[in-house]
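Chemist: If you want the building blocks of each chain, they are given just below.
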Amino acid sequence: MNELHELAHLVEQGQTQRVATLTQQLLDKGVGSPTILNEGLIAGMTVVGEKMRGGEMYLPEVLQAASAMHASLNILKPHLIKAGAKPVSKILMGTVKGDMHDIGKNLVGIMLQGAGFEIVDLGLNVSPQKFIEAINTHGPSIVGMSAMLTTTMLNMKTTIEAIAAAGLRTKVKVIVGGAPVSQKFSDEIGADGYARDAVLAVDKVKQLLGLAA
Amino acid sequence: MFGKAPKPITCGFGLQIGVGQVYPELNFTLPTMMVDETNWPSVVSHYEEMGEMIRRAAKRLRLPGLMVEFELLPPMTERPEWGAQITSILHRHLKEAHEEFGLPCALRVTPTDIREITRPPELRSGEAWQVLCQSFTQCAAAGADVLSIESVGGKEVNDEAMMHGDVEGVMFALGILGPRDMAFLWKEIVATCASHKVLPGADSACGFANTAMQLSSQGMLPEVFAAVIRAASAVRSLVAYECGAVGPSKDCAYEGPVLKAITGSSIAMEGKSASCAHFSPVGNIAAAMCDLWSNESVQNIRLLSGSAPEAFLELLTYDCRLFNTATESGTERTYQKLLVDSDVHESPQALVLSPESTFRIASAIVKESSHYLKTVAAAREAVSIIRDALTQNTLRLSVRETQWLDRLSRSLDGLPQQEEDLIHRMVERYGHLFSPESYGL
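Chain order of the listed sequences is A and B. So that you can map any letter, position 165 of the first sequence is 302 in our numbering, and since no number is skipped, the others follow by simple counting. So that you can map any letter, position 170 of the second sequence is 321 in our numbering, and since no number is skipped, the others follow by simple counting.
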């Protein structure tokens, strides 16, 4: 088996130690860090995403795979910087003001991390002002908002309006999700995208960023 | 058996629970709208409308009894006077229904556990804790007959552990953190209830076991894991009773039958008629031992028939007529068996809720001395129940589910006997998520 294929397979299996070891071996052999990232890690996590979508993997197994990928990324990071690799897109996430449900948002964050994105998680009960401050601080490509209650989902609209009033709306894409949220609601409040689950959220983010889903 | 509890209670306007009949417990919430200062008059009008609807529909349906639950939304807990105002409105409507046509009824009020607003949650002090206490006090004074809560102590660790499939972490959250918070919280709730002559109802492992149930329904967690978490979560909910809670248990506490088996207290349950709020694999079996039968929650929106809460009150009423007619005709065992048999072979989550399973889980719990050991014993018994069903060919699991059952079994066997050993290990693993002082650690 090609060693990059083997790396992808080990990522899929969540073999953290072996992934780290093989990553170092590949670097030692002179394989470029962007190649290892794309053809090993991202390739492995793409299969993981497909398997989760197809009901073939449970979340703990996905997290184990993500953990293996991060073990490799920690080794690759200085090499990627040296190689001038384009930094991964940042995604800012938070549960909107008044809402204390965050497991759905956390799941989306985990899946996005697994797909190679950098996540800045603002937690729960996040005010529009806090979203704005974080956009200015972190410069994300995407802002993800979550709400679980029919009485808090309208705070997504308030937040989008606040982001626009701060002159930042053109700098970020906004995606929304949560049990009471729908595509129709997303359209009505002026969000750029909606996904009904964590797996589809990854597709939506890739689509919004012009990456292959 | 449904409708009958060894320790029945009387609450509100002459509502007797657990003496033979099953009654509806109606719960409703607002449609999509903001709950803020500007909208408050509109919020109030929704609850007035629902209160009037209850009076009208209860009379039309000739209800023999009714529990209404008012589950506060977070802003209504954060502003205790708001929660108290709605409590007072619903209390007035129930009082009028009782005076007008003798409806035995009661109002359960459930403030939101707002202590998790900070991370790590500050559970025993701070503003959120103070406000939560005020909410309980003001709702009790405003006309609540039963106080309940869906508390969150341990959830910050349970969420993380559950997602990683970490049985040690889940046992730590459910068996050590959860019971410690419950003991602290319920001592306060029981004291508040005593000073206002209100019944301390019970708690729910909603944020724990129901989260697992929902993740499993989305294919994110194995069903066997959700079933084991359900069984183990009963110990945490049981602590409320150890502190003086008398029931009825919360509707979303699907662990209710285990609680009933141990405490003899009445339980509220929800299943097929709560699909307006969420789906579940336990639609019929959840009803097998209920004393109150609930719809969990429905928005006050218009349907073709009328308002959604009224439609669901009618649905619950017909469900309850079936329970009660079965009892009156002496066929309650047959009806209970149908409720059980129609679900029990379909899912391990249904299996652990059967009367036989809940008795086994309850028996395993009472044999142990500490909350930690009780939680582990309940989890092990759930694994054993599932294995027995597989052996008897009364339950089928996929290969992946079976592999997870083995993994759960191995993890449970590997747990330390001494809880101090687990605490030490878990502080290292999850110490960044929780404050030890919130749990008296």
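Everything labelled a hint here was simulated from the structure, so no lab data went into it. Wrong hints could be hidden among the right ones.
Restricting the straight-line Cα-Cα distance to at most 20 angstroms, the calculated cross-link-like pairs of lysine to any residue (SDA-like) are [to be verified]:
| id | chain 1 | residue 1 | chain 2 | residue 2 |
| --- | --- | --- | --- | --- |
| 1 | A | K188 | B | D187 |
| 2 | A | K234 | B | R270 |
| 3 | A | K294 | B | T183 |
| 4 | A | K234 | B | Q369 |
| 5 | A | K321 | B | R453 |
| 6 | A | K321 | B | Q543 |
| 7 | A | K267 | B | V550 |
| 8 | B | K423 | A | K234 |
| 9 | B | K155 | B | T553 |
| 10 | A | K234 | B | N190 |
| 11 | A | K234 | B | H315 |
| 12 | A | K234 | B | K155 |
| 13 | A | K234 | B | T476 |
| 14 | A | K188 | B | L454 |
| 15 | A | K188 | B | P182 |
| 16 | A | K321 | B | H315 |
| 17 | A | K234 | B | Q172 |
| 18 | A | K267 | B | T183 |
| 19 | A | K294 | B | K423 |
Chemist: Please work out if K234 of chain A and N190 of chain B have their alpha carbons no farther apart than 20 angstroms.
Modeler: 16 angstroms, holds
Chemist: So if I understand the rule, the pair passes when the alpha-carbon distance is 20 angstroms or less; does K234 of chain A with R270 of chain B pass?
Modeler: 15 angstroms, holds
Chemist: Does T183 of chain B sit within 20 angstroms of K267 of chain A, going by the straight-line distance between their CA atoms?
Modeler: Violated: K267 of chain A and T183 of chain B sit about 23 angstroms apart, past 20 angstroms.
Chemist: For the pair supplied as a hint, K234 of chain A and H315 of chain B, confirm whether the alpha-carbon distance does not exceed 20 angstroms.
Modeler: With a Cα-Cα distance of about 27 angstroms, the restraint between K234 of chain A and H315 of chain B is violated, given a limit of 20 angstroms.
Chemist: Are the Cα positions of K234 of chain A and K155 of chain B separated by 20 angstroms at most?
Modeler: Violated - the C-alpha atoms of K155 of chain B and K234 of chain A are around 43 angstroms apart, more than 20 angstroms.
Chemist: Just to be careful, I want the Cα atoms of K234 of chain A and T476 of chain B compared with a cutoff of 20 angstroms; is the pair within it?
Modeler: 47 angstroms, violated
Chemist: Would the pair K321 of chain A and R453 of chain B pass a check requiring their Cα atoms to be no farther apart than 20 angstroms?
Modeler: Judged against 20 angstroms, a Cα distance of about 19 angstroms means the pair holds.
Chemist: Between K294 of chain A and T183 of chain B, is the straight-line Cα distance small enough, at 20 angstroms or below?
Modeler: Given that 20 angstroms is the threshold and the Cα spacing comes to 12 angstroms, the pair holds.
Chemist: Can the restraint linking K234 of chain A and Q369 of chain B be considered satisfied, given a maximum Cα separation of 20 angstroms?
Modeler: 26 angstroms, violated
Chemist: For the pair supplied as a hint, K155 of chain B and T553 of chain B, is the alpha-carbon distance within the 20 angstroms limit?
Modeler: Violated: K155 of chain B and T553 of chain B sit about 36 angstroms apart, past 20 angstroms.
Chemist: What's the verdict on K188 of chain A and P182 of chain B, does the C-alpha distance respect the 20 angstroms limit or exceed it?
Modeler: 37 angstroms, violated
Chemist: What's the verdict on K423 of chain B and K234 of chain A, does the C-alpha distance respect the 20 angstroms limit or exceed it?
Modeler: 32 angstroms, violated
Against the hints set out earlier in the document, violations occur for numbers 1, 4, 6, 7, 8, 9, 11, 12, 13, 14, 15, 16, 17, 18 and 19.
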